[in-house]
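*Asks:* Sequence:
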Amino acid sequence: MKKLLAILLLIMISFSSNAQRLSNFYIEVIRESRVKNIDSLITNISKDSISIETELLLAELFFLKGLNDKSQSFHDQFFSKNKMIVKHSEPEVYARWLKNYGLILWNQGKNQQAIEYFQQSLNTYKGINGIGKVNIADLLNNMGLVYVDDDPEKAINYYHQALIIYEENITENIDKIIQISVNISLAESRLGNSIKALKVLNSALSDWSEIHEKGLPTEAFINLNIGNIYLADQQFVLAGDYLNEAKEIYISNYGGRNSELANVYSALASLGLQNQDYENAIFNIQKGLEANSFSFSSKNYKLNPEKNDAIRMNVQLSLLTQKANILESYYYGFSLNNDHLIIALNTIELANQLIENLRVSTQNKKDQIQLSNDAAGVYELGQRITLQLHEVSLFGNEYLKKAFQFSEQSKSSLLRLSVIESEAKSFSGIPDAMIQKEADLTADMAYLSTQISLETNISELEQLKGKYFNLNQEYESFISELEVNYPKYFQLKHKNKKNSVEQIQSSMPENTAIIEYSNLNSTDQTIQYILTPNSITFNRVYNNDELLKYLRAYRNTLNYNLKSSFCKISHILYDHLFPSKLDKNLNKLIVIPDGELSTIPFEALISKISNSDDYYAQEYLINKYELEYSYTAALYMNKISDSYSDNALLISPVEFGDQIANLPGTEAESQYFTQWCDQKSIPVNSLLRNNATKENFKSADLNDYRYIHLATHGTVDLETPDLSGVYFKPTELKSEQNILYVGEIYGLDINAELVVLSACETGLGQINRGEGVMGLGQAFAYSGASNLILSLWKVADKSTSLLMQNFYQEDLKQSKPSFSKSLQLAKINMINSDYSAPYYWAPFVLWKK
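For reference, each letter of the sequence shown is one residue, going -19 to -1, 1 to 830 in mature numbering (1 follows the signal peptide of the UniProt record, and there is no 0).
Heads up, some of the hints might be wrong.
Claimed, not checked - Here are the simulated DSS-like cross-link-like pairs (lysine-lysine), alpha carbons at most 27 Å apart as the crow flies:
| no. | residue 1 | residue 2 |
| --- | --- | --- |
| 1 | 17 | 280 |
| 2 | 135 | 280 |
| 3 | 177 | 135 |
| 4 | 661 | 544 |
| 5 | 288 | 177 |
| 6 | 605 | 544 |
To be verified - Listed next, with one range per pair, are the computed distances between beta-carbon atoms:
| no. | residue 1 | residue 2 | range |
| --- | --- | --- | --- |
| 7 | 377 | 218 | 44 to 50 Å |
| 8 | 645 | 625 | 29 to 35 Å |
| 9 | 66 | 25 | 33 to 39 Å |
| 10 | 441 | 24 | 35 to 41 Å |
| 11 | 177 | 441 | 21 to 27 Å |
| 12 | 215 | 462 | 52 to 58 Å |
To be clear, the hints were calculated from the coordinates, so they are not data collected in a lab. Nothing here was measured: the structure is a model prediction, and the numbers come from that model. No residue lacks a Cβ here, since even glycine has one placed at the ideal position from N, Cα and C.
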């Protein structure tokens, strides 16, 4: 909820600035965009003759409507066409373009690039004589918002710089003072500085009260934030006073239906729960659901609104999640009544429907990742509830199967949805115009939802609600039309049909098990699901901190080749991750990891301590099982797209210039790949040495290669995943011209059965809850690679080359092609050689989408 408020504040501050040199028309249109239909504004502006200023204005309006990609395209066209003019003759237009572009990048999750644009905009504004300081303050606020998640102290510094400027004219800037005061308080609260947070909010409230009469919504907004701080500090009486005052003010201004009022009821429900007053908590959460609904009204906690009956979908998602949490707490804290868990489960399933609706309307990457994080919390709660119901039920595994489905939904949402989207478009025959209409309708609904939450005028609010209702009806009719005219597209994209456990099991080969892990951080445990063609079971792995301790120790012993402690730690970690014995008939494991489990090779886990310390004598998992990794079980079993060409592509720069080490061993590796292709009668396009450039790779028809092998260097940026990449042959003085970054990889069109990233640490990246490892591997999977061989740490050039040689040689021996079997045998060959240490053979792992 607080994050939502901060995002709304960003838009208000960034696009309401009182610039002195932009035309009054420009500023007035931006103000009107808050209360008028943006489509009408765009249409009216497009009718008139287009100037440099109106070109930028159109691009900005598309951003305000939530069309991030379209806005970026318009901003790009604007700058390409006018860059010389705006940089030298129109500095304020240039500064605003830089600011807008920074916001677009921020919406894409590219924080560092956004900061660079904001800084350039700030420098440009400072160089303009007589420009209003408020422009500078707005930028400082934006920079604070970019930093607030990762570096709250830096964010607070930017906020205070902005606040000093705003306070130079309190009367004119009072709204911005309120907004940035709330931003400061949220950042201070995140650092545990409640006294500082309260001080800045009370100061803002005092400034507001001196200028305005009592009882306005802004006063309620401040009281809500003060109440939340007292609530977090467990000062329950003071929290209740401020929250109840906020409630009365909102009701007097808006009546009983408003999303901000719903936020107050949510806080009151939290207050009731912390006091273990469950009935009060349930009463207030029902009132919150009513306040954020157009028509729902019921005090009966067994009832919920319809899925489309929500003023703001994300607020409704938060309220439903909170309601399920309250009912779960009621069960454990007082009732032990299974009905409370069943109602909580029904509520979670409704929340799940809202998540799917939000995914359709959420278009920028930053918000998609945030939604995945929020959704992961919903699915964790769903697993807790269903596993408890399973354990208290006498018969059947239906609740256990539901828990497994929640685990599945909690993983790799962006990748899963990209596969659905790709298949829906590729196999349904739907015209592009219909796809665009769907995107436009969802964008319009998201925009109207935001306008409803911001509107303070009752009559205008009713008009907006009417427009939203009509638009929602149009959207529902459109979806019905899709179901009739394009049934395959509808089934693939909109049916929201989850793969049942039985469907997954029916696709599984004999003697295979899916081992899926799901972190339940709120209860300090990890769930292990074991799925075979005929059974489903689960284990609880308790004490996540201890599990992480051994996991990281295991990584270190592998990464640094620490023989003295490796065997002991490997076996201890095995006992944690496999608390029950596996079926003796299994010969293949498909591992679906969660969180940091994605960063270790299960192959080197030791199931039983040997009497010998020699590496080759240990009982590794790889000795007994083929191992593959996947993002979800449903993705792994997805069989729709399996049509490939019979061509191969090889990339091997060998030499990288003065700054980066050469890789002479990759020449032999390239020969093995070429020989493998020759024996399979597969033509190879070899981009070697000077031909192994980024430009040549991107210009190749990547959709036409079944196998792609990149023998090169990799770079991993754990803080900014989009800056991870793979190196190509240098062609420019600037090294970044030779790196293919993750952001670019997402835009590639690949249709490869296998992509081998024979480079260091290509399996690592930033770990995001609900998405897993965001890095090179997921980017290549997203762009169309079905199988990926990735590495988990930096390894020697020669041993890498030997492993790849073994892999391709073993593949040629297989009567039935199996990448997992070939890699298993290649690693066993290494174990029985001079490279027996897991440091040499364990880093390369096989991921299947």
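*Asks:* With reference to the structure, classify each hint as holding or not holding.
*Replies:* Here's how the hints hold up against the structure:
1. 17 with 280: At roughly 36 Å apart (the allowed maximum being 27 Å), residue 280 and residue 17 break the hint.
2. 135 with 280: Roughly 45 Å between the alpha carbons, so the hint for residue 135 and residue 280 is violated.
3. 177 with 135: 15 Å, holds
4. 661 with 544: Distance ~40 Å between residue 661 and residue 544 Cα, so the pair is violated.
5. 288 with 177: Cα-Cα ~40 Å, so violated.
6. 605 with 544: 22 Å, holds
7. 377 with 218: 44 to 50 Å: Check passed, 48 Å falls within 44 to 50 Å.
8. 645 with 625: 29 to 35 Å: 32 Å, holds
9. 66 with 25: 33 to 39 Å: Violated, at about 25 Å.
10. 441 with 24: 35 to 41 Å: 20 Å, violated
11. 177 with 441: 21 to 27 Å: 37 Å, violated
12. 215 with 462: 52 to 58 Å: Check passed, 53 Å falls within 52 to 58 Å.
Checked against the numbered hints listed earlier, the structure breaks hints 1, 2, 4, 5, 9, 10 and 11; every other hint is satisfied.
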